[in-house]
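J.: Residue strings, one per chain:
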Amino acid sequence: MNATAQLFAILLVEDEAADAHLVKAALAENHILADLHHVLDGREALEYLRRQGPRYATARRPNLILLDLNMPRMDGRECLVALKSDPDLADIPVVVLTTSAVERDVLASYKLGAAGFITKPLDALQFIAAIRELGEYWFDLVRLPQRK
Amino acid sequence: MSEQRDLRVLIVEDEAGDARLTQLALQKCGFAVDTSVALEGLEALQLLRRQGERFRHAQRPDLILLDLKMTGLGGLGFLVAVKEDDQLCSIPVVIVTSSQLDADVLDAYRCGAAGYVRKSADFGEFLAGIRILGQYWFHLARLPVNLG
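Residue numbers (the numbering used here), protein chains in the order written: chain A, 186 to 333; chain B, 115 to 262.
Some hints here could point you the wrong way.
As the list claims (entries may be wrong) - Using 25 Å as the maximum straight-line C-alpha spacing, the simulated SDA-like pairs for lysine to any residue come out as follows:
# : chain 1 : residue 1 : chain 2 : residue 2
1 : A       : 209       : A       : 321
2 : A       : 209       : B       : 249
3 : B       : 233       : A       : 318
4 : B       : 142       : B       : 197
5 : B       : 197       : B       : 235
6 : B       : 233       : B       : 221
7 : A       : 269       : B       : 216
8 : B       : 183       : A       : 276
Everything labelled a hint here was simulated from the structure, so no lab data went into it.
So here's chain A without its partners, still in its complex pose (with noise of 0.2 Å):
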């Protein structure tokens, strides 16, 4: 294995790309060594996770999803129930990131199968802050299904 493999893997689904690079500038202010893939809308997501089309014929499968919900072409939440209903993806946890604080959306995240729901800090260090305790808990503490 060489050293990208090891570290963990995450997908990125976010539209916005001051927001995309606010988590990766946040990963590495905590010192949290992950191989990030970002795409744009809940679609392309689809097409990384099942691996379709030559550009993404050798996508990593990652640990962990960060989704958006607010996004064109495929939302967070249609992305949500299609990962949640697909055998082969249904097992890797997503986390739901998004500025929404409206209750409506907290309540049918969970329902989908999301595993948290985090609403973006306004201000960047407690941005950071978010990102450490999110990763604490989902690359230090908790174990994450491993597929061979």
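Dock chain B against chain A, hints included.
T.: The following block gives chain B in isolation, referenced to the frame of chain A:
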């Protein structure tokens, strides 16, 4: 952030000593949570569904901590029952178990677990784990608001 009232945690664990240890760890970490304990899956389901005189006034938990190795329904059986019940499926269930089998980890996530934590025999280590778990679920993640 979660709502101001104390959050409620249901511990489903057939070893009364282990359940008390989890309660103690939550308290020692300073989390303002109300805990209740069910000693096996069927009892936990009765509590969640407020079945019988004993559970008529039971309060809905915000989070469930679930042991896997239990008699009767077993941990996975209970998890499936919760996730198939439209009234209960939004409650996140975190596995806290001594089992380290990859197959158990995979099955738990497939059935809808929101984390899989190894129960450490060392109390200091267990406490550190509960602190990270509590930071994620009680401070960082938004939990669905329960009106019951």
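J.: For every hint, state whether the structure bears it out.
T.: Results of checking the hints against the structure:
1. A:209 to A:321: Answer holds: residue 209 of chain A to residue 321 of chain A is near 16 Å, not above 25 Å.
2. A:209 to B:249: holds (21 Å)
3. B:233 to A:318: holds (20 Å)
4. B:142 to B:197: Violated. Residue 142 of chain B to residue 197 of chain B sits at ~30 Å, over the 25 Å cutoff.
5. B:197 to B:235: Roughly 29 Å between the alpha carbons, so the hint for residue 197 of chain B and residue 235 of chain B is violated.
6. B:233 to B:221: OK: residue 233 of chain B and residue 221 of chain B at ~17 Å, within 25 Å.
7. A:269 to B:216: Given that 25 Å is the threshold and the Cα spacing comes to 20 Å, the pair holds.
8. B:183 to A:276: holds (20 Å)
When held up to the earlier numbered hints, the structure conflicts with 4 and 5 and fits the remainder.
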